[in-house]
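Q: With UniProt numbering, the residue at position 134 of the first sequence is 134, and numbering never jumps.
Just to be clear, a hint being listed does not mean it is correct.
[Claimed, not checked] Distance condition first, Cα-Cα at most 30 Å in a straight line; then the derived DSSO-like pairs of lysine-lysine:
#, residue 1, residue 2
1, K71, K110
2, K273, K156
3, K273, K471
4, K265, K406
5, K471, K460
6, K113, K71
7, K416, K406
8, K460, K406
9, K71, K156
10, K71, K111
[To be verified] For each label pair, taking beta carbons as the anchor points, the in silico distance ranges come out as:
#, residue 1, residue 2, range
11, S28, D262, 52 to 60 Å
12, D308, D184, 34 to 42 Å
13, S181, D218, 36 to 44 Å
14, E427, G186, 25 to 33 Å
15, G120, D78, 18 to 26 Å
16, S127, G77, 25 to 33 Å
17, R297, Q141, 16 to 24 Å
Hint data in this document are derived by calculation from the structure and do not stem from the laboratory. Since this is a predicted model, take the numbers as computed values, not measurements. Cβ atoms here follow ideal geometry from the backbone N, Cα and C, with glycine treated the same way.
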Amino acid sequence: MTQLSPVIWWVRRDLRLADNPVLHAAASSDRPVIALFICDPLVEGLGAAPKWRLGLGVARFARCLDDMGSKLILRRGDALTVLQQLIAQIGATAVWWGRQYDPDQVARDKKVKAALRDSGVDAQSFSGHLLFEPWQVQTGQGTFYQVYSPFWRAVKDLDVAPHLPAPECLRAPAQWPDSDSLADWGLGRAMNRGADVVHPHLHIGEDAARTRLAYFIDRNVADYQDQREFLDQDACSGLSENLTYGEISPGALWRAGQHALDAGKAGAAHFLKEIVWREFAYHLIFHTPHIVSRNWRDGWDSFPWSNDGTGVLRWKQGRTGIDVIDAAMRELYVTGRMHNRARMLVASYLTKHMLTHWRVGQDWFAQCLVDWDPAANAMGWQWVAGSGPDAAPYFRIFNPDTQARKFDPEGRYRRKWLAEISASAPETAQAFFRACPRSWQLSPQMARPNPLVDLAEGRKIALQAYDIKNKT
DNA sequence: GGAGATTTAGC
DNA sequence: CTAAATCTC
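Given the sequences, and given the hints that come with them, work out the whole structure.
A: Now the structure itself:
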């Protein structure tokens, strides 16, 4: 019996076996499957923490494929060139992949798909990263949604594709093509001193993601709506890290949330809404790709941002002098993550009180977040800055003190991450000084700086800047 | 074109 | 109480 020609599964941000449409199609085809991960310029261009974390995810996923008698082939270079070389080498006739939606990846994938199809290769993209394809959700007028609530109402009762089981095995090719060594790629190089500190906080891989989801559904989802706002509580799912690399599917979260809701866990309703916020971010990045680089509302182009390099450095270091802001920036550096509400607070402080362009914050998050997601990061920063999607009629400015009183009433979050405010700082807070660049010359014994900006003054300045924008 | 609504607010 | 724009139907 002659063997069918192999399918190349181009693995990207879908490092999972279960509920993966492209893998399911490849496995069901009865053809040999060659899973390929390409370190292309877009991977090379990732920020330090997400690039390092991606490498750890790829390593873990390669072991999963090994365990089922298959392999993950690693190649480096321009994606189309790598694919064409491999196609020629093994006589593949198909290249299939899971779709991505940010402008850089869309542009690359369009070019790859057109070129491969021109040469007679069966090039196909599959869903799997989202619950709903961005072009399938439309307003009554046939346009895309620009406000979250109507988007939510439009999707909340839609059917989500049923779960796809992980294949038990994959047909191997007659001969495995050669592969790079992951270590040679040096994906963790830019992490420097941070890697050892951040590593214990990670949950890498499909099994870890599933375990974490089960824990969240069991322990936290029932009170999610009430508890998620508190900064020191472990009340959130923590699954953004796995979602962004595709180590778990959004469908798995959706079904678990629905099931919990059916079982009477009321907080699950809010969990479903948060999953749809991720969908909404992808809806926006697909329909308005400029959201990653320019003001989403062009009326904001006249906003008088300031350019204070010293202030920005102190924001990055967690030395603004505002405890809750500084604690959050330290949490980011030590864990590679930050509580959702804290993200809003530090973003509001940077863009409003410090009048710094949202892109500066977006770039720093893209360097530091192990759960960095192109759509969520862009939407989040523009939402807080005011230049993004939000129909609210006023210029929203968070007061960090008020917020800390509400959401960290006993100061536990601030003491957990800010060494300089405790006589004997906890290990979590001291870890920052082992992780941060030596060139910053920081120590836990240093005095707290005076606030960079007085809170009332900062608010006034931001409101004046808003007036200037509106008059221009 | 009009009515009704709009994630997390601050003073 | 403020201030009051934009979206969706």
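Q: Hint by hint, note whether the structure agrees.
A: Each hint, compared with the structure:
A hinted pair counts as satisfied when its Cα atoms are at most 30 Å apart, and K71 with K110 qualifies at roughly 27 Å. Straight-line distance between C-alpha atoms of K273 and K156 comes to about 8 Å, which keeps the hinted pair within the 30 Å bound. Proximity of K273 to K471 is assessed by CA-CA distance (about 37 Å); at most 30 Å being required, the pair is judged violated. With a C-alpha separation of about 25 Å, the suggested pairing of K265 with K406 holds against the 30 Å cut-off.
Proximity of K471 to K460 is assessed by CA-CA distance (about 17 Å); at most 30 Å being required, the pair is judged to hold. With a CA separation close to 24 Å, the supplied pair K113 and K71 stays within the 30 Å bound. Of the supplied pair hints, the one linking K416 and K406 holds, its CA atoms being roughly 17 Å apart against a limit of 30 Å. Of the supplied pair hints, the one linking K460 and K406 holds, its CA atoms being roughly 22 Å apart against a limit of 30 Å.
At most 30 Å may separate the alpha-carbon atoms for a hinted pair to count; K71 and K156 exceed this at roughly 38 Å. Using a Cα cut-off of 30 Å, the hinted pair K71 and K111 holds, with the two alpha carbons roughly 27 Å apart. Here the CB-CB span from S28 to D262 is close to 30 Å, at odds with the stated 52 to 60 Å. A C-beta distance of roughly 41 Å is found between D308 and D184, which places it inside the suggested range of 34 to 42 Å.
Evaluation of the 36 to 44 Å hint for S181 and D218 yields a pass: the beta carbon distance comes to about 39 Å. For the pair E427 and G186, the supplied restraint of 25 to 33 Å holds, since their beta-carbon distance comes to about 29 Å. In this structure, G120 and D78 meet the distance hint of 18 to 26 Å, their C-beta atoms being roughly 20 Å apart. Between S127 and G77, the C-beta spacing of about 27 Å keeps the proposed range 25 to 33 Å intact.
About 20 Å separates the C-beta atoms of R297 and Q141, a value consistent with the hinted range of 16 to 24 Å.
Figure legend: structure checked against the earlier numbered hints; hints not met, in rising order: 3, 9, 11.
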